[in-house]
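Fit chain B with the ligands to the known structure of chain A by using the hints.
There are 2 protein chains.
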Amino acid sequence: HAFYSTNSNPSKPNVILMLMDDMGWGDLGVLGNPAKETPNLDRMASEGALMTDFYAPNPLCSPSRASLLTGRLPIRNGFYTTNDHARCSYTPQYIVGGIPDSEIVLPELLNKAGYRSKIIGKWHLGHQTQYHPLKHGFDEYFGAPNCHVGPYDNKKQPNIPVYRDADMIGRYYEEFKIDKSGESNLTQMFIEEAIAFIEKQHQTGEQFFLYWTPDASHSPHYASKSFLGTSQRELYGDAVMELDYGVGQILGKLKELQIENNTFVFFSSDNGAALSGGAYVGSNGPFLCGKHTTFEGGMREPSIAWWPGRIKPGKIVHELGSLMDLFATAVDIAGMKLPADRVYDGSSLLPVLVDDKMNKNKTIFYYRGNELMAARRGMYKAHFWTWSEGIPTLHLEYCPGMQVEDVTTRNLTNHMAQPVLFHLGRDPGEKFKLKLNTAEYKKGLQFIMEAVIEHKKTMIPGQPQLNMCDKGIMNWAPSGCETLNKCLHGPPSNPFKCSWPV
Amino acid sequence: HAFYSTNSNPSKPNVILMLMDDMGWGDLGVLGNPAKETPNLDRMASEGALMTDFYAPNPLCSPSRASLLTGRLPIRNGFYTTNDHARCSYTPQYIVGGIPDSEIVLPELLNKAGYRSKIIGKWHLGHQTQYHPLKHGFDEYFGAPNCHVGPYDNKKQPNIPVYRDADMIGRYYEEFKIDKSGESNLTQMFIEEAIAFIEKQHQTGEQFFLYWTPDASHSPHYASKSFLGTSQRELYGDAVMELDYGVGQILGKLKELQIENNTFVFFSSDNGAALSGGAYVGSNGPFLCGKHTTFEGGMREPSIAWWPGRIKPGKIVHELGSLMDLFATAVDIAGMKLPADRVYDGSSLLPVLVDDKMNKNKTIFYYRGNELMAARRGMYKAHFWTWSEGIPTLHLEYCPGMQVEDVTTRNLTNHMAQPVLFHLGRDPGEKFKLKLNTAEYKKGLQFIMEAVIEHKKTMIPGQPQLNMCDKGIMNWAPSGCETLNKCLHGPPSNPFKCSWPV
Ligand SMILES: [Ca+2]
Ligand SMILES: [Ca+2]
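Sequences listed follow chains A and B, in order.
Mapping to my numbering: the first sequence position 283 is 288, numbers consecutive.
Mapping to my numbering: the second sequence position 290 is 295, numbers consecutive.
Source of the hints: derived by calculation from the structure; they are not laboratory data.
Everything numeric in this text was worked out from a predicted model, so none of it was measured.
For glycine and all other residues, C-beta sits at the position ideal for the given N, C-alpha and C.
Heads up, a few of these hints could be off.
Unchecked claim - Here are some chain B residues the structure puts well away from chain A; computed CB gaps all over 12 Å: (1) Asp170; (2) Thr368; (3) Leu417.
Claimed, not checked - Computed list of lysine-lysine pairs in DSBU-like fashion (alpha-carbon distance at most 35 Å, straight line): (4) A/Lys367 - B/Lys258; (5) A/Lys140 - A/Lys447; (6) B/Lys258 - A/Lys320.
Next up, chain A with everything else stripped away, as it sits in the complex (with noise of 0.2 Å):
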C-alpha cells in the first residue's frame, strides 16, 4: 500500500510498544478522565491517532501479553487453564507453564528483518529457564517474569527476580526496592533503560523492536519520590503520572535524534482497570466493570498509534483494533509476511492508520480462560455467557456500584439461546439490553454469529499451559543466583493442579 511506495529510508521503520499495566481506558486526559493528568499521551494522541474501540485479547495480564507477542488468542497459544470452566488464569511465580516452544514470538520474527530486540518491564510469559524472553528471540531483558508482588519472607515463597538479559541481578524489594508508602524508582529506571537502548541502537543503525512494559500501575502501586502526591487521584494517579512522564521523555529523545519518522510507537495496556481496591484504583470511563470481566471495562483499552509523517496528526479511529494487531502490524512494517503455518487472529493496522482504509467487518473475541464470553461487531456486542464475580466472600468486586439485571450476573451464567446484545454506540456502557426479537436484535445477532461460527468452525484450541502450577519450581534460584549469593532453597517438586477461584 501507499506507504511502502513513499518509503525511501533503508533501514526499516523501528517498532515501539508501550504496554501498560491494568491502566484503564478512562485514566487518560484525552480519554475524559476528570484529573486531566496525563499531558505526554494527550500530545500523543494529538500527534498521532487515537484508536477508541481497541481491545485487549483478554481481561487478565499473563494470556493478553502473550496474544499481544504471539498474534494469537489465548486459546490458541496455551494461555489459558481448562481446570475449570471460563475461568481467567494467569502466571504467577508457582505456575509450571509459559510461552511454548512451538509458539512464533514476535522478537523471533522481527530478528529475520534484522531487527534488535528489547524487552524492559514485565514479561508474565512464564518464569522457568525455558521460558526466558533470551529464548524466545529477545536480545536483550531488563526487567521481571512476574508482577512485583510482595514483599515475601523468601522461604515461604522468594521475592520476584530482576534480571539484566541472562542473569538475575537483584530481587523486588531487596535491591530493587518498592517502599511500603509507595515509593520506588522502577518507572525512572524503566525510563532510562528505553533512553540507553534507543541511544544505542540509534549509533549503531540498527534498527530495533521496544517493548516497554512499566507495571506501576499494577497494585501495589508505586512512583518515585517526585512525582508522589502530585496527583488528584492519590498514588494510582502519581503512578500514572509518571508513566505518562515516561512517555513523553521516549518520545521526546526519538524527536531529538530525529528518528521520529521511522519510528512507529503503540500505546496501550494488557487489561482493564482493576476496579476490587475501592477508590485507590485505575478508570475504566463510562465502560462498565473491569479486569477480570468480558465486559468493555476488563478490555477495552486506552490505545494510541503515533507515527509522524505516517499517521496524520489528530486522527481518531474507530475500527475495532486488538493488541494482536499489533503483532500483524509490527510484521507488515518490518516488510515481512505472517507465517503461513498457523492461524493469526490480528491483522496489520497500517491500512486504516497509514491509509484511511477501514475495515467494518473486524470481530472481537472476548473469552475468559476455555470459553468464548462475547463477541463485537460493527456496533453490535453479544454476550454468550455472562458472570461478574468470582467469590463472594473474598469481596472482590469487579463492578463496583454497578448492576445491570440479567448482566452483571455473579455467577456464570448462560445465555447461549438469546444472547444479551448490547448496541455500543448508543450504549458504550452496556445498560440497555436490545429487546429480543426486534429487527434490530435478530439482524445485529445474525451479523455477529457469522463471524462466530466461522471463528468456532476453524478453532484448534492449543495445549493449555496454565494447568499446573507446583511450589518447587517458584524463583528461588534464577540464573545469575551465584554470583549475588542469592540462590534460594525451595521444596521439592510437587506439581499440583492450579485452581483459579477469581
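Same frame as chain A, now just chain B with the ligands:
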C-alpha cells in the same frame, strides 16, 4: 488585574454564552465520549480553557438558567417551590411565575455598559407577558419561552410559540417544524441567527452579549436532514454533532471578522444528561446518575472558556466553577462591579482564566428545591440528603445501571447526622464513601461545614415563584398572534398548586 492593564481596545469585549440543554459532561470528545464526535468543541478546548470541575446551579433547566442570568442561586431568585420538600421545579407553560422584576438580569446590567443583548433559543424564565426577555434587558429575541415538547392539539394545550423580539412569529410543530423522525431545521436557524447578529454588531461596532441556547439536545431530540444518521449515537448524537457544528460556525465567524481577541466565549450546559430515556440519551461520563439529581452526573457540566490572546490555549482548569460565575465574569469583562444591594453566588473567572490565580476555597452548593442536598469544597463532597428517583411507577430511572448503597436512595434520605462524604479526586463516580470517624472524614467534613454554616447563616430565601399553576395562562394568545391569526382560546383562569412529582 493584568487583563485590564493590557486591554487597549476602546470597545469593551463581547460576551457569548453558549448554553446547551441537558447535554452531559461525557458528551464531548475531549471529555471522553467514545464516539469522539465533537471536533469543533474539542478544538475550542485546545484553543481555550477546559474547566473540568464546573457546575450547573441546579439539576433542572429553568432554575439553572435563572441562576446563570441572575448570578444567584434558585433559592434566592425564586426559581424553586415550597409545595413539597426538596423538589425541583421548572417552568412548563401552565406555570404562573417567572423571573421577578426585583431580580437584575445580566443584560440589564450590560446595557448600562453599552452592550446590545440578544437571546437565541430557549428562555425558560416564564412565558407570561411580564416575563418576556425584552422586559428583562434583552434587546433582541429569537426563540421560545418553553421547551419544544409537543405537538399539542391547541385545544387542551397550545403549541409553544416562537418569538422574534416582542411578537410571536409561529409555533413549534406548525411554522417551526419538528418531524416525528427527529428532523428539524431549528438548530440551523439558531446558528444563522447568531451569525447574523454577530455580523450586524460588528458592522455597527457596538459591543454585544449573545446568549445562545439551542435546545436540540433536550428530548425530543432533533437534527436537520444533513446531520440525521451521521452519529454513532443515533438521534441524540446527531443533535450533538449539529450543535458542535454550530459552535464551529460561530467561532469561525469571530475569527473571520477578526474579533476573536475581543470576544469572550463560554460553552456549557444547563444540567446533566437526562438518563431516563434508556439508551437514547446523553452521557455523564464517569459520573453518578443524571439530570434531576444532585450527584455529579446531575450537575457537573462540559465547560470551555475561549478567548484567544487572553486565555492560554489548551489550559486545564480544576478550580470549582458554576454557571453563576459567568454573571460575575461578564460584569467583570464589561468593567463594572456587581450590585452591592444583594448577595451573589458567583465570582469572576478572569483571575483563574487569565491570570492563573486559582481560588481553592470555593464551595459548590447542590440544591433541590428548598433543600441544600450536598456541598463540595476542594476535593470533598458531602451529601446531607440523597435522592435518586421520584415515582418508581413512572419508571423514571435517574441512575440506570448504577447502585451505591445508602447513596442512590430512591426515597429522600436524611444524612444530616452523618453526611456521606466522597473524595472526588480518587473517586469522581461517588462510589466509595469515606469511612466515618476517620481523620480524613473529620477533616474533609469540617472543611465543607465551615462554608455550609456560613452559607446557611446568611441565606434569606427569595419568594418562591414556582408554586402556582394555571391552565388558563398557557401560551394561548401570545403577543403577535392576532397578526398571524393564530390566537387560541384557553379555559378561564383557574390557579392551582403545582405538583412536581419528579
Ligand atoms: Ca494487567
Ligand atoms: Ca436542561
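Going through the hints against the structure:
1. Once the 12 Å rule is applied to beta carbons, B/Asp170 is consistent with being away from chain A; the minimum gap is 39 Å.
2. Against chain A, the non-interface label of B/Thr368 holds: every CB pair exceeds 12 Å, the least being about 18 Å.
3. No Cβ of chain A comes within 12 Å of the Cβ of B/Leu417; the nearest lies about 20 Å off, and the non-interface call holds.
4. For the hint pairing A/Lys367 with B/Lys258, the CA-to-CA distance comes to about 41 Å; that exceeds 35 Å, so the pair is violated.
5. Pair hint A/Lys140 plus A/Lys447 does not hold up; C-alpha atoms about 49 Å apart against a cutoff of 35 Å.
6. Proposed proximity of B/Lys258 and A/Lys320 is supported: the alpha carbons are some 25 Å apart, at most 35 Å.
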